[in-house]
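Working from the sequences, and respecting the hints, build out all of it.
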Amino acid sequence: MKEDDFLVKMVGISKRFGTVQALKNVDFTVKHQEVIGLVGDNGAGKSTLIKILTGVHFPDEGEIYFEGEKQYIDSPKKARDLGIETVYQNLALIDLMSIARNFFLGREPVRKFAKVINFLDRKKIDTVTKEALKDIGIKVRSVDEEVLLLSGGERQAIAIGRAIYFGAKLLVLDEPTAALSIKESHKVLDYVTDSRERGLSVIFITHNIYHVYSVADRFTILEHGEKLGDFNKDEVSAEDIIDVVRTGKTPSRL
Amino acid sequence: MKDKRSKFYSSIALLLRIHPEFGALLALVLVFIVFCFTATRFLSLESLAGIVTVASELGIVAAGITFLMITGEFDLSVGSTFGFSAMILALTANAGIPLWIGFLLALAAAFFIGLINGIITVKYKIPSFITTLGTLMFWRGILLAVTGGFAVRYWGTSSFLNGLNGHFLGEFRISSIWFFIVIFLLNIILTKTPYGNSTYATGGNKEAARVLGISVDKVKIINFVICAVLAGLAGCIQFARFKSVDPLRGTGMELEAIAAVVVGGTLMSGGYGNLIGTLFGVLLMGMVRSGLIMSGAPAYWYQAFIGIILILAVITNTKLKGWAIK
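Residue numbers (the working numbering), protein chains in the order written: chain A, 2 to 255; chain B, 334 to 659.
Since the hints were derived computationally from the structure, they do not count as laboratory data. Every value quoted in this text rests on a predicted model; they were computed, and no experiment measured them. One or more of the hints may lead you astray.
Keeping only pairs whose Cα atoms sit at most 30 Å apart, straight-line, the calculated DSS-like set for lysine-lysine is [what the hints assert, rightly or not]:
(1) B/K525 <-> B/K340
(2) A/K78 <-> B/K551
(3) A/K113 <-> B/K551
(4) A/K116 <-> B/K551
(5) B/K525 <-> A/K131
(6) B/K458 <-> B/K539
(7) A/K188 <-> A/K124
(8) A/K125 <-> B/K539
(9) B/K340 <-> A/K125
(10) A/K188 <-> A/K170
(11) A/K78 <-> A/K113
(12) B/K551 <-> A/K79
(13) A/K188 <-> A/K125
(14) A/K125 <-> B/K551
(15) A/K140 <-> B/K525
(16) A/K79 <-> A/K124
(17) A/K188 <-> A/K135
(18) B/K340 <-> A/K124
(19) B/K340 <-> A/K131
(20) A/K116 <-> A/K78
(21) B/K340 <-> A/K188
(22) B/K539 <-> A/K124
(23) A/K124 <-> B/K551
(24) B/K539 <-> A/K131
(25) A/K140 <-> A/K170
(26) A/K228 <-> A/K170
Following this line, the structure appears as structure tokens:
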């Protein structure tokens, strides 16, 4: 397979935090318009791997290719500029700021004043936020309201809405359904399939194998910082995946 | 009916949340009314000019602290920076160096002090309370050691100093114009530019801001510098008023400025607050200072009074916000 058939190709990634070997020589790939379920038990290295891809950590060893080109993703800004948007477990929302300001934080649209000073384009910020949230079916009372006042599900929806709006190529969801009700979880799963239909690739990290199984095309399983394997959906059942995660072994028939 | 009423309440609550200065405005009006009865000639132009003069010099320092406090950091060294810059202007002036050059040197020194505060805090990840407590002592110590404890007086006259803090409209001082310019500019940066957004985000949730691509360390260092340069500017402006400076100038000013900022509704934990609140806060301080004297109370009562106002204002702010968030 040619290199540029992959959207993301991470090769031989290792990362050590002090005495803890968080990742050991891990290869990880995402194809175009593919939903990948990244699964594994606590401490398997899922979050570390993702944080390396999104520029929060820099790997000790290994290379990252994005759309076939080698990239040094040394800051979250670099990752966002490449078209990688992430919804972190803690959602990365600023409680005391309004929904609209949170939506555009770090990439605010501006109007030039006297050709030098950048002023926030408040009108654009408000209207685009309103429209983008409406597009994916999120209702809010007012985009001027602080995030502080929203429920867990609403906050999740804002964070995902923001990622979908800006996520030009790759959407990374870290435990997106962990704190949600059944109804809210299903909405998130719908967002994932919608995103794939619109041409995006998605990395879905979770403990809940049933959630990820319903939307993913392929699974990558990590254990103690090493990769146990990649499995296409037609090769495995949800129970098989749970077995692999639980025992840390790949059954011989797979 | 019920829906209409809750809508009314929620719009009031939103107003209270986006206007942290409300508590300070309330206090300002109350104190004003009290002094109108107790202080003779409180309602005069001279009295107003006196209040604004005190408030302006403190206010320029407090404006910088507001900016930094919203970033989630703290600067206790502003009083030392204030004195240090004033002393540089005084010494260079007496050495025959043109005043505008001395002024730029004084601001450059303040810039340097702020840069050090910022870099130490960010690089070694220590609380800015500690960093700036250290630099407060360090720069004050240097100031005392270099001057041997003696005051420095400038005997010349200069249009430059008049421009910094001369008279206009009778008893008013030009410092008030500088103060309003500072408040106006910082307020625009804070509310109308992406940099203001980054400042609020850095103070509100540093980690979230970082993963969204904001260089939080850079924002912090820049705001330490802004805070220090404004303290230096205020020091030069006060020197222009007195034409003299002693090595203890600005001692205790940091606490007074922090009190004004907190009374104005800015949160010490960062991410929330504005400059209008600080404007009200310093006007309140100025009003209490002149009002007490005009009421015939000994000047010592000022601190006691401010202490009570500080606590009452923060209780009010906390209660109002608690209600507004529900």
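How the hints compare with the structure:
1. With a C-alpha separation of about 28 Å, the suggested pair B/K525 and B/K340 falls inside the 30 Å cut-off, and the hint holds.
2. Annotation: proposed proximity of A/K78 to B/K551 holds, straight-line Cα distance about 14 Å (limit 30 Å).
3. For the hint linking A/K113 to B/K551, the alpha-carbon distance of about 23 Å falls within 30 Å, and the restraint holds.
4. Between A/K116 and B/K551 the alpha-carbon distance is near 24 Å, which keeps this suggested pair within the 30 Å criterion.
5. The hinted pair formed by B/K525 and A/K131 meets the criterion: a straight-line CA distance of about 20 Å does not exceed 30 Å.
6. The suggested pairing of B/K458 with B/K539 holds, with an alpha-carbon distance near 13 Å, which does not exceed 30 Å.
7. Simply put, A/K188 and A/K124 have alpha-carbon atoms about 29 Å apart, close enough for the 30 Å limit, and the pair holds.
8. Restraint check for A/K125 and B/K539: satisfied, since their Cα atoms lie roughly 26 Å apart, inside the 30 Å limit.
9. For the hint linking B/K340 to A/K125, the alpha-carbon distance of about 26 Å falls within 30 Å, and the restraint holds.
10. Taking the CA atoms of A/K188 and A/K170, the gap is near 21 Å; set against the 30 Å cutoff, the hint holds.
11. Proximity of A/K78 to A/K113 is assessed by CA-CA distance (about 22 Å); at most 30 Å being required, the pair is judged to hold.
12. For the hint pairing B/K551 with A/K79, the CA-to-CA distance comes to about 16 Å; that is within 30 Å, so the pair holds.
13. For a cut-off of 30 Å, the pair hint linking A/K188 to A/K125 stands: about 27 Å separates their Cα positions.
14. In summary, the hint linking A/K125 to B/K551 is supported, as the alpha carbons are separated by about 27 Å, within the 30 Å threshold.
15. Of the supplied pair hints, the one linking A/K140 and B/K525 holds, its CA atoms being roughly 26 Å apart against a limit of 30 Å.
16. Proximity of A/K79 to A/K124 is assessed by CA-CA distance (about 27 Å); at most 30 Å being required, the pair is judged to hold.
17. Distance check on the hinted pair: A/K188 and A/K135 sit about 14 Å apart at the alpha-carbon level, within 30 Å; holds.
18. Using a Cα cut-off of 30 Å, the hinted pair B/K340 and A/K124 holds, with the two alpha carbons roughly 24 Å apart.
19. Using a Cα cut-off of 30 Å, the hinted pair B/K340 and A/K131 holds, with the two alpha carbons roughly 20 Å apart.
20. For the hint linking A/K116 to A/K78, the alpha-carbon distance of about 25 Å falls within 30 Å, and the restraint holds.
21. A hinted pair counts as satisfied when its Cα atoms are at most 30 Å apart, and B/K340 with A/K188 qualifies at roughly 29 Å.
22. Simply put, B/K539 and A/K124 have alpha-carbon atoms about 26 Å apart, close enough for the 30 Å limit, and the pair holds.
23. With a CA separation close to 28 Å, the supplied pair A/K124 and B/K551 stays within the 30 Å bound.
24. Note on B/K539 and A/K131: the hinted pairing holds, with a Cα-Cα distance of about 26 Å set against a maximum of 30 Å.
25. The suggested pairing of A/K140 with A/K170 holds, with an alpha-carbon distance near 25 Å, which does not exceed 30 Å.
26. For the suggested pair A/K228 and A/K170, the alpha carbons sit about 24 Å apart, so the restraint of at most 30 Å is met.
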